[in-house]
Structure formats: structure tokens, C-alpha cells
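Note that the protein sequences, when read in sequence, are chains A and B. Position in the first sequence (first residue = 1) + 76 = the working numbering. Position in the second sequence (first residue = 1) + 736 = the working numbering.
Read the hints as simulated data drawn from the structure, not as lab findings. Where is the CB? At the ideal position from N, CA and C, for every residue including glycine. Among these hints, one or two may not hold up.
To be verified - Restricting the straight-line Cα-Cα distance to at most 25 Å, the calculated cross-link-like pairs of lysine to any residue (SDA-like) are:
(1) K1135/B / V242/A
(2) K855/B / H90/A
(3) K809/B / S292/A
(4) K1085/B / W138/A
(5) K263/A / N1164/B
Claimed, not checked - If we take Cβ atoms under 10 Å as the criterion, some of the chain A residues that face chain B in the derived model are:
(6) R248
(7) L252
(8) A268
(9) H280
This is what each chain is made of:
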Amino acid sequence: MNLFLYLDKNSWLHRLDPRTKIIGVILLSCLCLCFNHPLYMAAITLGVVLIAILSRSLRNLWLLRIILLLLFLFSSLMWPLFAKGPTSLLSWGFIQVSRESLLYGFAMGLRLSTFVAIGLIFLSTTRNEEFTNGLIRSGIPYPVAFALSTALRLVPTFAGAGATIVQAQISRGLDLESGSIFSRFRKFTPQAIPLFIYAIRHTHLLAMALESKGFSPESKRTLYHELRMGRTDYIAIALLLLLLGFAIYIRFGLGLGVILTGRM
Amino acid sequence: MRPYLSIQNLSFTYRGGNRPALKNINAEIDGATFVVLMGHGGAGKSTLCCSLNSLIPRFFRGEYRGHVLIKGKEVPCHTVSEMSHHVGMVLQDFESQLFSTNVELEMAFGPENHCLSRKEIGRRIEQYLTFVGLKSFRQREPATLSGGQKQRLAIGSVLSLEPEILVMDEPTTDLDPVGREEVLSLAEKFRQENRILLIVDHEPETALRADQVWLMQEGEVIAKGSPEKVLPNLSRLKSCGIKPLPTIELFEKMGWAGQPLTVESAINLIERHHLVGQRGPFPTTVPSRSMKSSPLLSAEALRFVYPRFQTEALHDIDLSIDEGEFVALLGQNGSGKTTLAKHFNGLLKPSSGRVLIQGRFAADYSHRDLARMVGYVFQNPDHQIFARTVQEEVGFGLKALGENPPTISKQVADALETVDLQGYEEKNPFALTRGERQRIAVASVLATQPRVIILDEPTTGLDYPQQKNMMEMLRHLNQKGHTIVIITHSMWVAAEYATRTIVMKDGSILADGRTRDIFADEAILERASLRPPPIVRLSNWLGTQALTLEEMVKELKG
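Excised from the complex, chain A in its bound form (with noise of 0.2 Å):
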């Protein structure tokens, strides 16, 4: 079963180093952060999904499409009972809707999308090792690089050895179809019990296996693959830069691309 979100593709975003495409996140995330007008939240939600388009990504949007919708309709539909407005839509006891409220709703909803939908676009064009090699070049230290990049790197293994004992517990009489939500968080014990022991002894068999092919957390390694900023990677920082810049000036500066203030 292949559950690894890496699409082996050629396109400039794969061919960035990956320090450019770790800070290329971190701006644009901060990017998201900048305005809470569902408008402005819509281009910057656009302008991902172009980059996605434009690094053959897009595929992976796809397949997880059902998350970030459901993402969006949470967020959407529980912003509004919390944050206030000035312009009353609804009115009902505790709760009470206004139409800033709800507009902030689907900003933060849009926002948090996005933001998922970044961190896919990452690890559909870096490949888990480039990921790891961009930690360390980037200084952070080799057993913090290597311990995060393989929690990311088991996921799919786990996802796939939980489908078989799914499979493996359905065949033995185990009704997921049915049943109240509290019996069905009784019949999770099945799944999760086997999982839970199927990750340890995978984790300790693989800690085993590293050892015995010479790894050590604490000494230098060589990277097969170099890492090399080229004149694309110092670009594309700048351009990320630049709009952020102008992103920070139309909020703080023309105070547009707020529809709540006082909140991010």
C-alpha cells in the first residue's frame, strides 16, 4: 500500500534546497496570519493552491480533500459562536451570530486549510531525507532532525499496518458499521491494542537495524545528497519576503484586510 505523501516529480519546487522550502513554509504561514478578512484570506488560499498546481502537487490536495473540507466546515461553522461582532444576525440565548463573526469564520477556516494544505505541498516535493538534511544544515541537532523526520516517515507505515489489523479484526466478527458512538469507541480497543504493540516492536526492530548499519545520533555523517542554495532558492526567498512585506503594509499600514479587529 503506498501511503507516502513524496510525488516523485521534476519540478522547480522539488528542485529548491530544502532550507529554502522550510523558511518558504514558515513565511507563508506567517503570510496566513497577516489578515482575517475571508477576501484576503481567499487570495492567499488561491495563490497555494497555484503554487500546488504549479509544483504537480495538486494530486495530494485531492486525495486528502475530504480533511481540509472538513477543516474548513469545523472552523467555520464554531468561529462564529465565539467570536463578536458589531452587526447581530442571530440571536438565540447564549448564542448569538453576527455577520463579522461569521465572516471571521470562514477567514479562520480558509486559514487553517491553507495551512494544512501548505505543509502537504512540503512533503509532496521534499523528500523525507532532504527534509532531514535541511534540519541539520539549517542547525538544528542531528537527533532532534532525525527523530522528527522519522515520526513523519513511520505515519505511512503505521497507516498501512493499521489497515491490515482493521481488516484482520473486521474478519473476526468486528462491527465498525454499527452502534452508538460510545460502543464504538469500546470496539477501538481491538485496533488500537495491536497497533499500539506493532509500533513498539517495529520502532525498537528499526533502532536495531540503524545501529547495526553504523548510525549514531551523536557523530557526523556525510550526505549523499548535497545541498546547494542556488540563484532560485535566494529568489524565491526574496519574493516570499516582499509579500510578506507588502502583506504586513496593507494590514498595518492601509488597515485593510481586517474584518475583526483586535484579533489575528
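Given chain A, put chain B in place with the hints provided.
Positioned in the frame of chain A, the structure of chain B alone reads:
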């Protein structure tokens, strides 16, 4: 000159273990030797392997006595990663060793750790990818490789460290016959490079290629020597839980002189001494399928496409299985055996065509009803064991189906009796041995008393006595009226136990018939990259009906 590897009075007890895993091991290897290590489950084979690169005592703690010296260096004084300069270790479960996102980087991992230059790493990737025959897969993701290819990659990624000693713990257990051959031919090549190779394996056929065979029993090495010396001692092999070479056993039982190790040498001896005449080619029976009203399981024009890959995993399967049959599904990894079997308990739904269970569409059954009709035992028991007691574990299905407690206890007790684990109700399933856990998995399917039981690789990971036990139990269930379908790579298991054999290749059925007839057609088996077990090959040559040693002895004496 001192020997390259020397083990002196080595004993080891795992922390918390109540008996030593290794007892007074003494051995020496002087370079360019191929050793095959054999023994029953729990004999200490893996423990001995791990002591060679200081995983024992560095990774697994415990009471360590004695010495392991490599090039005169005390192994336990060095860390595992220091030892990686001398000892390459391929662990049992190759799936969990592959870690990188493509083949090339997997090969580079070790040399990167040794801080080699980029140029040298490139050279080693090139050289050892060629060695393991994966050069054209450089950019592939390891997860997309076949079993044999994955194992070869695991070996290649260790070889790229250029160790003087290569240790492989059961490198062929999970592989189909082709994958096995791929890995074992690597072993031969490695020996020609003047290095030491130590392999743990269950199959005596592997041991034939070795320079030395070491037999282990209860933590001790009880015999060491050339295969010609060690393998003919049948009683000793049996006491170590190893399947003896059938040719030797046959000659002994027939009272013939000679101890042939292979089918070819057996045929030679028979011809030279005119021990027994060849009979004419035996008549193949025309399959006389009784035209019963409706078969228990059937597939009609079944096609299946895995949605994510858009590859056709099954095409145009027509198949029917009657009540009371014992069927073996054979074929390479990826030939579609498991995909086909999963259609019969509704885990997969056909892309087109029909799957009928007792004349009704599989899709019309709920999962619950289907679980009562068709039980499916997965390959790895650890994918399903979760409960605190065996009682709870085995009763899980019944409870899910809404049975009342007295019925559950009764049926659990029955199931446990069938798998020969009566009285285990209160034990912790996680604390049992692999063989016992496998039986628990069977029992937990058995408890709902399904009419059909499908088992995916029921003998993998078990030693010979455990395999035999498992199969005898299935035969017993079959005699009680259950229909049994096994998916297996083990040719002797299929030959000895299944009455019907289905051979699959590339998602289609290549051959389907009485087991004896299928195994008589060596050409068609070869097309599926399979080969009959030695005794059947001999039987084919002789023109006898026998599929097992006992049958052959009876027939020849007859």
C-alpha cells in the same frame, strides 16, 4: 595466526529470562566460510547472531559470560555502530529495516554514517546495487518492490558497508520460491568474495550449499560440520526441530544403502544399484467435478482493480469450491492469491463479476453473517491479538456477534481444544510463543464455527514440528467437515495436506486440479516459478502416486 572470529564459552541470559538463551558456545571461523545455523524455535539462533555485533549485550541487556572476538577485538567492548565496520547484520523482519524514500538513499545510509566521501558512496551504491541486481530500480521507493527485491535491498544496504562478516537471520522465511532463490544465489556470490557468511534458515535444502552446518538446541550448539556429516543424522535433526532431507529419510526407511542429499543424487543411486524400476507415467485423472446443486464458494468472471494503482490484480477468475474440500492456493508474491481470498469474506468487493457464497452474493451478507460463514486467519497473529486473556481473545468474535456468555465459554473451550491449547483460557496471549499465538489466531476464528476457514500463510515463522502440528490440526478440522483454503509458499505443505491445488500467476488461474495431478506437471509449475518438493519430484520420476514420504514407502514396499 589467530582465527578471524572466535567465540569462547559464550553464555547469555536475557534480563528477566529464567533460563540461559545461550549456553557455553564455542566456535571459530577462519575466513571465507559459509555457515548455516539451524535449530528449533527458541533455540537461541537469533541471540547468537546478535552477539556477533554487540547488539547483545549492548541493546539487549542480560547476564553475559564468555568472549566473542573478531580480529582479536572483544566485541562487547564496542558499540553496535563501531562493530558495523566488521559485521553486517540483516535482521529477520526486512520490512522494518527499509527506511529511506528511495533505493539509492537506502544504499547510501550506511556509508553516510561511516563518513565516507561522496565519491566513494557513489561507487559503493553502484557496485552493490549491481551485486544485488537492483540497478534498474535506483529511484524506486522501497515499499513498491516485491518481497524478494526488498530483501535483496536490505542485504545490499548492509553490503555497502563492506563488512567482512555478513549475518542474516532467516532471510528467506517470508519469500516465495523465486525470492528465496534470489537471496540464496547472493549468498553464493558473497562467498566467492572471500568473506564470512552466517545464515539462519529452516530449510535443509539451504544447508546443502553451506561449508558448515551448526545445529542448535536449547541454547547450545550440539553439532558442527559439513552438510554431508551433519544432515544424515536424522534423529539429531528431528530433536532440533528440523525437517530432515526426505531423500535420506527415504533411503533409510527403504533400507537402501547411501545417503543422497539431493533428488538428483538419489536418482543416480537408484539407477546405479537398480533399487527400484521406473513405472510408466501415471495416468492423470480427468477432474470429475460432481455436478452438485451449488458450490459453497464461487467466483464468476471476477475482476478486481486496486483503486489507487489502477492495476488489475485479478482478471476473469472462474472458480468454485465445494463443501469439505482442502484447497491450497499457490503462486508467487503478488500473483493475486490474497486478493482472491479476501473476496470470499467480503473484505474486497469485485470490480466486475460475481462472488457467491452458498449461492448468495457475498455483497448481500453483512460482515457479521459473513464472519459466521467464512473465517479468515491473517498471516501475522500479532495483527489481531489484543486481549488480556486467551478466553477474551478467542471469545471476541462470538461476543461481537451477540452470543450469550455460556455459549461463548462453551465454544471457546471447544475451539481451544481443537487447536490443542485446552486450559489456556486464563493465560496472557502476548506471553505465548509464536506457534501458540498462531493457534490462538486460528482458535479465535474457529470459535464462531465458520464452515469455511481461509488461512494466509499458516506455517510462516513456525519451525518444523510447529508447522506439522498446525497442518495436522487443519486436516482434523477438514475431516470434521470444515472447508479449508490455505495460501502458502511451502510446497511440501501443499503436497502433503491439500487435496486440491490452484496455481495462480499474474492475477489469473494457471492450473486447478487434484494436487497429485498439478504436482505431476512440473512444466506448468515452473511457469509460475514453483517447483514440487523433493519427494514429489522423485515420485514423478518413479511414476508413483505418492505425495509424501510415508505414501512412497508404502507404495514401493507395497
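Each hint tested on the structure:
As the CA atoms of K1135/B and V242/A are separated by approximately 17 Å, the hinted pair is consistent with the 25 Å bound. Restraint check for K855/B and H90/A: the C-alpha separation of about 24 Å stays at or below 25 Å, so the hint holds. Distance hint between K809/B and S292/A is fulfilled; the C-alpha atoms sit about 20 Å from each other, no more than 25 Å. The straight-line distance between the Cα atoms of K1085/B and W138/A is roughly 24 Å, inside the 25 Å bound, and the hint therefore holds.
Our distance criterion of 25 Å between C-alpha atoms is met by K263/A and N1164/B, whose separation comes to about 20 Å. Interface restraint check: R248/A against chain B, minimum CB-CB distance 4 Å, threshold 10 Å, status holds. The closest approach between the C-beta of L252/A and any C-beta of chain B is roughly 8 Å, which is under the 10 Å cut-off, so the hint is satisfied. Interface hint at A268/A: satisfied, since its Cβ lies 8 Å from the closest Cβ of chain B, which is below the 10 Å cut-off.
Among the interface hints, the one on H280/A holds; its C-beta lies about 9 Å from the nearest C-beta in chain B, closer than the 10 Å criterion.
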